[in-house]
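Engineer: Chains as they are written, first to last, in my numbering: chain A, 1 to 420; chain B, 421 to 791; chain C, 792 to 1124.
Each statement offered as a hint is correct.
Facing chain C, according to a computed beta carbon distance under 8 Å, are these residues of chain B, among others:
1) I497
2) F501
3) H503
4) A505
5) F518
6) M522
7) R523
Note that these hints are calculated values from the structure, not bench results.
Computed from a predicted model, the values in this text were never measured in an experiment.
Ideal Cβ placement from N, Cα and C applies to all residues, glycine included.
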Amino acid sequence: MKKDGELSNGSDTAGSSESTESSGGAPLSRRRLLKAGAGATVVGLAGCLGGGSDGGSSGGDGSSGDGGSSGTTGTATSSSGGDEMADTLRFYSWGGSTQEALTKHLIEPFEEEYGVTVEQSSFSSQDKMLANVRSNPAGSYDVIMPSLSGSYNAVKQDLVEPLRLDNIETWSNLLPSFREYNPAGTGDDTFVAPLYYGTVGMVYNTDHVSGSPPFSWELTWDSEYSGALTLEGFAFVRMFTTALAQGMDPNKMEGDAGSYEEGVKQVYDAMAEQHELVKKYWTSGQEQTTLYSNETAVLGDGWSGRILSLQNDGYDNLQYTIPEEGAYGWSDTFAIAKGSEHRYTAEKFIQFAYRPEVMKSLSPVIGYPPATGATSSDIEALPDFDPTGGERLKFQDQKFKEQHQEDWNQTFEQIKLGQY
Amino acid sequence: MSYVEVENITKRFGDVTAVDDVSFTAEKGEFVSLLGPSGCGKTTTLRMIAGLEMPTEGTIRIDGDDVTDRPPYEREIGMVFQHYALFPHKTVGENIGFPLKMRGVPEAERRERVADVLERVRLPEVMDRSPEDLSGGQQQRVALARALVFEPDVLLMDEPLSALDRVLREQMRVEVERIQREFGITTIYVTHDQAEAFAMSDRVAVLDDGRLSQQGRPLDIYESPDSEFVANFIGQSSQLSGAVGTPDGTPVLETDAGVTFELPQSVAATTGDRLSVFLRAEKLDVSREPTGAANEFPAEIATTNYLGEKTQFFCRLEDGTELIVAKHGFTDVESFEPGDTVYVSVPPENLVVARDPGTDQQSGTAGESTA
Amino acid sequence: MSERHETRAEDLRPASSQPLRFRVWTAVLRADPVVRGIQVVKRRERLLTVLQAGLGLAWMALFLLAPLVYILSLSFWQRGAGGTIVYEATVANYQEILLQNVDLLGWQIGNTYLLILWQSLKFGFLTTVATLALGYVPGYFLGRTESRYRSLLLLFVVLPFWVPLIIRYYAWILVLGNDGLITTVLGWVGVASNGYLYNDVAVVTGLVQVLLPFMILPIYNTVNKIDDEYIESAKTMGASPLRAFYEVTLPLSLPGISAGSILVFILAVGSFMAPALLGGPANMMVANLISQTFGQAFDWPLASAMAMVYLVVLFAIITVFNRFVGLEEVFDQ
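Required output: the full structure, derived from the provided sequences and hints.
Structural biologist: This is how it looks when you write it as C-alpha cells:
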C-alpha cells in the first residue's frame, strides 16, 4: 500500500503484496545481466509503463546486494569513510517502469563514467521500503528512494544520513522551492534530494465534461457526475484537496472562524457530501487506468503520468489539469540510508543525477518534470510541468499531517461507512 | 405358482455377463440360499431382486406381481447388507424406525413397533444408542430388525455373517434361522459358505460363473451333485479320473492314478468312457491292514491333521496323487506316522461319479448314487 | 526348492510339524544380537518420532507462534512520531478499538473498527452461504459419479488455483465493469448500464468465484466416502432418491459442509483484494483496515491490536460453531 499519492507511474496496486513474486531482486542485482541489457528486459516484464500488472514488480523488495559480490564490497568498505569512489553502490528504488527509466538514463551512464557497479533492488510501496531499511543490517543500502512524506518517517525513524551538500556540486541546480527541504524539522541538516515532482490533479473526460480549464475542484461536488466520480482513497490526500477546494490553507485548515476544529469540520462535511457521488476510491495507478479508460469514471483526480500514457494509447478524450485552487504536490527523492558504507559515492551519484543533460533524458521518460531547473521542450510538454519553477506546487506539511492523520483516517472511514 | 419367481434373468455390465440366464423360485416362508464362490453372480442376482440393479433380460415376480422394472423403494423388500449399512447419524431406534417413517407411520406407533421388533431379536434397551456403540453381533440384529420391522414380502440377506468372527457367526446362524422361522418370512440368502447355506436353508441354489449349477435341498446337493463344479465346491473331496474298462464283464473305472474302482450300479457306463470319481473325505475308510472291502487300495500317510472332532489324513498314492480322508471321533492319531502304509477303501455306492468335461456336453453328470 | 515346497505344505498340513520350526525361529529371534538390534531400531524409531514431532513443533513455533507473540507484544506499545514505536506498555490501542464511540446502552456503535469487522463477518457469511449453494451440487456430483472423467473434472475445480488471485479479480473487473462482458451483452438487448462493479454484490461474486473450490473439495471428499450401501439400504426401505438424499446423504455429508464452510468463512472474512479491487467506496474489510493502519498510518501497535481482536473474534466464532457441529469429527475424517 502506498504511503501517499507520490506513486510514480509504474509501481503499485493495492494487492501487490499478495500477488506472485515475479522477477525478484536477485536477477536485477547481477551486473552482468544489466550490462548485457537483459536487466532492463527483466524489469520490463515486472511492470510496464502505464498499464499491465503493476503488482508484479513487488518482487525485489528484499535486499539483494549481498550475495555473490559481497566480497568485493567488503574490501571497498575501507574507503567508506573517506572521500573516494567505491566500487559498488547499493540502490533501492521504486520498481516497474520507474526502475526501467532510472536504469537506462541514470544508472548505466553513471556506471560507465565512474566505473561503479550499481546493485539494484526495488520496492513497491513506501512502507515496505522503510520496513526493509529498518530491519536489514546497516550498510545494506546506500541510496534509497523515499517520497517526500516517506522521508519524514525515514528521518523520524532515524533511517537516513544527512546529505553533505558540499559533496554535491550540482546541488544549486535544484529548484529553490525544493532546496533545503527538511522534512523532520530538526536542525539544519538536509536529508533528501528531490528528483522529480508531480501532482494529484484533476482528470476529466471531454466526452462528458464540457468546458475548458481552468477548472475548479468544485466540479467534483457536482451531482451531475454522481456515480461517475473516482478519487484517491487516502485520507490525507482527500483532506488536502478538499481543504484546497474549500479555499483553505490545507496545512492549517482554519475555516472562516479561524480555528482548526471548525475548519476540519467544514472539510469533513464537504467530504461526506462528496462521498455520495463517488463510484470508487482508487488506491493504485492500475485502478485509475481501468476506471478512466472504460468510462466507469468520467471525472476525478489522478496522476498525470497515468493519463499521459492513456493518451498515448489513444484515449484522447482524457485530460489532466491542475485546477485553479492548486493540487496536492508530491516528489520522489533520493536519500542516503543510515550506515551506508558508500556515502561519498552516493553523494556523487546524486550530483550526477542533478546534471542538466541527465535530467533532460530521464525526466520525459519517467513522465514527470525534474526538481532541478533543467528544461527542454519535452519537459515543458509534461502535464505537471510548472513554469514558475515549483512556486505553484503545494506540499503537505508533514508535521501537521502527523499530528492529525489518525483523526482524518478515522473520520474518512466513518464517512465511507455512512457513519459520519 | 411360487411366491418369488426369478425367470431367466441375465445381467451384463458392458461386455461382462455377471448373471447368465438364471432361474429359481422360493415358496412363501421358504429359506433359499444362493451359494457360490466370489464373483459367481450371486450378489448381483440378489441386488436384482432388491431392485438395486435392473436385469438386462428376464423377469422377477413377487407374489404374482411383475416387479422387474420397479425401483427398490416400490418393492416391499427387507434387505440386510454385508456391512449392515446402519446409518451412523441415527440412533438404533431411528434406524429401525426408518422404513416405517418412509411409510408414514406416526412417531408413537413407530416407537412401539421398534421396541417390539427389538424384543423379538432379543436386543432390548439399545433403542437410543448409536449403532456404532454396538458389537458386531448386536449390529447384525439391529440390521435384521430394521429389515423386518415393516413386514416386507421378502427378506434378502447379502453375506450378513461374513464380518463376524467364527464363534459369533455360528451363534448368529442359529439366531437368524430362529428369527426367520418366527417371522415366517420368505428369505433369500447369499453366501459363499457352504456350512452356513446348508445349516439354514430349505433349499440351496449353487451358482458358478454367472450360471445356476444346481438347486435343491442341501442333502440332494451334497449327495448327488450334478456337476463337477458342485461336487468340487461342496464338501471336501478328492478327484480321480480314468477310463471305463470291463476286465470281468462289469464296468470298472481304471483311474490314471492306478487305482481301480468298482462303480455303483446306477451308473450307466460303457467301455472307453472318461469318468471322474469324487471321493468325499468322510466317506473314505482307512485302516492299517487290508480289510478286503470293496474299492480298497494302499496309500502312504503324508501327514495327519488332528482337528478335535475329526482327524484328517493326507494320503499319497503311488503316483503322488493326494487324497484326503476324514475320520470323526478318531483318537488313535498318534499311531499313524508320516510314511506309514495304510489301506483306504470306499463302498461303491458312496462314490460320486461325473463325466469328464468335454466328453459329454449335455449333462455333466453320470452319477445318481444312493439317495 | 525344498524350502518352498515345505512352506507350501505347511499351509495345508497339520500344525504338528510347526513346533520344531517355531522353536528354531523363536530361538533365533531371541538370540542376543538379534534382540539388541531390534531394540536399537525400536529406540531409533522413538527417536525418529520425537525428532519428527519436534521438527513440526519447532516449525509451528517459528512460523506461527513467534509472529503471533510479536504481534501481541506490539499491540501493547504506542505509536511515536513518524511511525516510530514507543515502548511504553498501554492498553489504549484496545480501548480505542473496542470502546471508542461505543454506547452499548443506546445500541449506538460508531466505532470504525467494529463496524468494519461486522461488515467483514457479514461478507464472510454471505460468501459462505453462496459458495455452499453453488458448491454442493458439483461436490456431490463429483463424489458420486463413476465417470472416468472424474479426475479431469476435479482438475477443473482446482485449475483456478494456478491463476494468481489478482488476475482472477481483474478478470471480474473485465466481466462486471463498464464496457465489460455483462454490460456489452445487455447492451445488445437494449439494457443500458454503467457496469456492476464496486458494490457488495461484486465483492461477494469475486469471493465466491475464488473460494468455491474450498467448498467443493471437502464436500466432494465426504460425499465420495459415503458408502453406497447406506443409500441403497435407504432405498430398499422405501426411500425415494430425493428422500434418501435428505435422510442419508445430506446428513452424512455434513462434515464436508462444515469443513468447507469454515474454510470459506475464514478466508472470506480475511480477504483483502476483493474489497479493494471490486468493492465500492463503503466496502472496506478488516484486512484492508489493518493493512492501511500498518502501511499508511504507520501505526503498528494499533494495527497489531486490531489483528489480535480480529483473531479472537474469529476464534470465538469457530468455537461456537464447533459446539454445534463438532469440528474434531470434521477433521477426524
